[in-house]
Amino acid sequence: MSKFGELVDLKIPVLLDFYTEWNDASVAMHPVLRDVAAAMGDKAKVIKIDVDKNSQLAEALRVKGLPTLMIYKSGEMKWRHSGEQDANTLIGLLKEHL
1 MSKFGELVDL KIPVLLDFYT EWNDASVAMH PVLRDVAAAM GDKAKVIKID VDKNSQLAEA
61 LRVKGLPTLM IYKSGEMKWR HSGEQDANTL IGLLKEHL
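Following the UniProt record's numbering, the residues of the sequence shown are numbered contiguously, the last one being 98.
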């Protein structure tokens with residue numbers, strides 16, 4: 001959990017993807033997130049968090065549906081969504097928080 005604080009306490013927006021490898025919607029988001037990371041470069045960070053390996057964190061953040069996407073900046077949650085999103089929407093959201 002302390003490492004999570006370090007991850008989201010950045011001055012740039014951080015997109016978190018809570019996923020599992022056995023959830024089809026989660027797996028479908030992998031290429032989308034690669035595109036988002038490539039488009040944003042060092043202006044934002046994209047971090048994938050496996051719910052099966054980080055169940056305490058997922059529980060603490062009340063992650064129910066998969067994938068669950070969150071944007072943090074300076075330690076504060078700015079946006080949250082359960083379900084798939086397209087790359088352009090995510091890039092637009094990240095740019096709003098630059």
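Hints are not guaranteed to be accurate.
Claimed, not checked - Under the rule of at most 27 Å between Cα atoms (straight-line distance), these lysine-lysine pairs were calculated in the DSS-like manner: (1) 78 with 48; (2) 48 with 11; (3) 95 with 3; (4) 53 with 78; (5) 95 with 48; (6) 48 with 64; (7) 78 with 95.
If you're looking for bench data, these hints aren't it; they were derived computationally from the structure.
Quick rundown of the hints versus the structure:
{"no.": "1", "hint": "78 with 48", "verdict": "holds (17 Å)"}
{"no.": "2", "hint": "48 with 11", "verdict": "holds (19 Å)"}
{"no.": "3", "hint": "95 with 3", "verdict": "holds (25 Å)"}
{"no.": "4", "hint": "53 with 78", "verdict": "holds (24 Å)"}
{"no.": "5", "hint": "95 with 48", "verdict": "holds (19 Å)"}
{"no.": "6", "hint": "48 with 64", "verdict": "holds (16 Å)"}
{"no.": "7", "hint": "78 with 95", "verdict": "holds (12 Å)"}
Checked against the numbered hints given earlier, the structure satisfies every one of them.
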